[in-house]
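Chains A and B, in that order, give the protein sequences.
Numbered according to this note's numbering, the first sequence spans residues 9 to 417.
Numbered according to this note's numbering, the second sequence spans residues 806 to 1100.
Keep in mind that a hint or two might mislead.
If you want the ones that stay clear, here's a sample from chain A, every Cβ over 10 Å from chain B, calculated [unchecked claim]:
1) Phe88
2) Lys183
3) Glu192
4) Pro328
Part of the chain A face toward chain B, derived, beta carbon under 8 Å [said to hold, decoys possible]:
5) Asn107
6) Ala108
7) Lys264
8) Ala350
9) Ile392
Read the hints as simulated data drawn from the structure, not as lab findings.
We put the CB at the ideal spot given by N, CA and C, even for glycine.
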Amino acid sequence: MSAADTTASGSGQDETGCNYRHLYLIAEHDEGRPLPVTFEMLGEARRLMDDFNSNYSSYEKVVAVVLGDNVKKICEELIFYGADAVIRVDHPTLRYPINAVDTKIISQVASNSGYASKISPEYGKEFRKPRFMFFSADNVGRHLSATVLAELESGLASDINKLVIGDLEIRHEHKTKGQALKYEKILQMYRPDFSGFLWTTILCLDNRNPTIKREYHPQACSIIPGVFSPIPRNTSREGLIVDHILDTHGADKQVKILSRKVIKSAVDYDGRKTVLSFGRGIGDSPEENIKLVVELAKELGAEIGVSLPISKKPYSIPEPLSSQYLTPDRVIGTSGRKVSPALYIAVGVSGAMQHIAGMKDSGFVVAINPDEEAPIKDECDIFIKGKAEVVIPQLLAELRRQKALEVQR
Amino acid sequence: MSSHLKIAVIVKLEPDFSEGNVSYNSDGTLNRAETKSILGPHSAIASSAAFFAKVKYGAEITVATMGPPVADVALRQAQLISDADFLHLYSDRIFSGADTLATAEVLKFGIGKIEGPEEVDIVFSGHRASDGETGQTGPQTAWKLGYTFLGNVIGYDIDLEKRVVVARRLISLQGTSDIIEEVEANLPVFITVDPSYKSFFSTISQRLASAKYQQEAENRVQNYKNHLKIFNAQQLGVDPSLVGLPGSPTIVYKVEKIPKAGASRRALIVDGSDSLQLSTVAEKMLSITKVDIGQ
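Turn these sequences into a full structure, and let the hints steer you where they fit.
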């Protein structure tokens, strides 16, 4: 199982190894209904592997892995949206995801050379593990990616929003012992940092340094839902479906699901026409400004959102304001919710990429910000130049005046 | 509380994002050199989840972290929250630069060093670090330990006789309604605590116990070093090639500023002190939202 004790494959000439082939992605669904991120991952996988195969004159596949109860129908859809093959694990016990169970199954499936041979006979014999692996960066996929890659003993980057495959010359103290070496077919995984202003490129690389030689495959990542586009559904696409028969003998009884209840989130964005968010720009007098934001939201029937830095409780303000508004469950952006209200108002939000990703599909966007250089300016329809404490009271007065006029009419 | 419950909490020293302590560069990125460090907010929540078990089940608690010697600050802050009995610092120069897999390797050996004949029943960790934000270290440590992993836990109860935990998990997925899932798992388990976790002490005896342990915690942190044990790589018994930079499959290849995307909207610029212009904005807002009149 361990990649640790193997030396470079075969003659050692092909340093990237021919034991690692294809792109495997873990399809997510809600009791048989694929989540949008599944099609988004497939779209990106299709684009990447089409380029990969033409650049490297190869025939590597996009393989979707789906676990669930009664998931026949999904498999066809996965093929229509870009999969060359689907490995299906269909069993009544798999109705809902359970990390411990799914991790074992996915690790087995991903290391199964028999399936790889069926999917692509030309690469089957030497197959040990996938070359690349995609998961969704959500409540299920984030943890699953971590445990699967711990089991497969390879590297993982989380929350990716851009991917490039290519050859790189690497000089690294540990990986190459300081020598410049060429690495082929490397997945460059871009992740925005918490500020939303920096992009970090993560690579998963074999250790070529003779003293710590080790192969790290698959190169894996979790992908932020909502960033990649699916390819158009094409019902003439064909693909192979391979069944993995679940060995329920000695099945994992460690975890038992007792109940599942749908809840209405305390913070409800979907039911509102307006979402009003605030960011660090309210920092001159946070308590007063948050009160103003709350008042404005009330006037417009809006739900309140925040930028990521606000969720880290940057201000000490009295309760209940602090625990009501400076919280992670109000974050709009890639590490929070994605909203698309008819009206989005951003107060003191600079417009980091990770925030924009969460609101860019809004109907009409108004920003209140004193800094005309703030990136939010390029993402709004009306930019009110000014500080929150100056603008909001006037806006409130205007809204109330116009509403009163309307009543009189 | 005859049956014994043994708990570990994994915490992390992180940048302090509170105003006055955090420092941003002019381009909006974090100025790490000028920013202070504290116990991460998610680590603090994990510590309070452990404290719940102390109050309710009389659990014995060890708080652990991997980091440089200054990371003992995080342990001290976590002790104040959890009334931890023991503090563990896993510190060695060779641990630095570790990615999540290499960090999990150290933490696995660290948890194994917690004393006593019985193994640890529950390991808690935070949802994610507020600087790295990967959320991978917890589940990877769980897997290496061979513990059942339960993520996004918002509350839990333990049956000490049957050695099982019943945990409530919050699951929210793209385009679906949020779900609260109740699961039962045999101990030992590894729990990452959801940001929305809150402890409830429902009985008077629990509230009294809570006050007693809080007082004990305040006394303990006065001399927290008496509770602190520091382990280096050799003492932990880790394989040096599996930790730190050599043990990390991933590297950071480059860090760049995210290029400004082209403008996706063309903004009309309004002077925020001009009430006439703001009147037009208000009108536009009302026309979009069609807020019920007189509300």
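* To do: Would you pick out the hints that fail for this structure and give their numbers low to high?
  => Violated hint (a single one): 2; every other hint is consistent with the structure.
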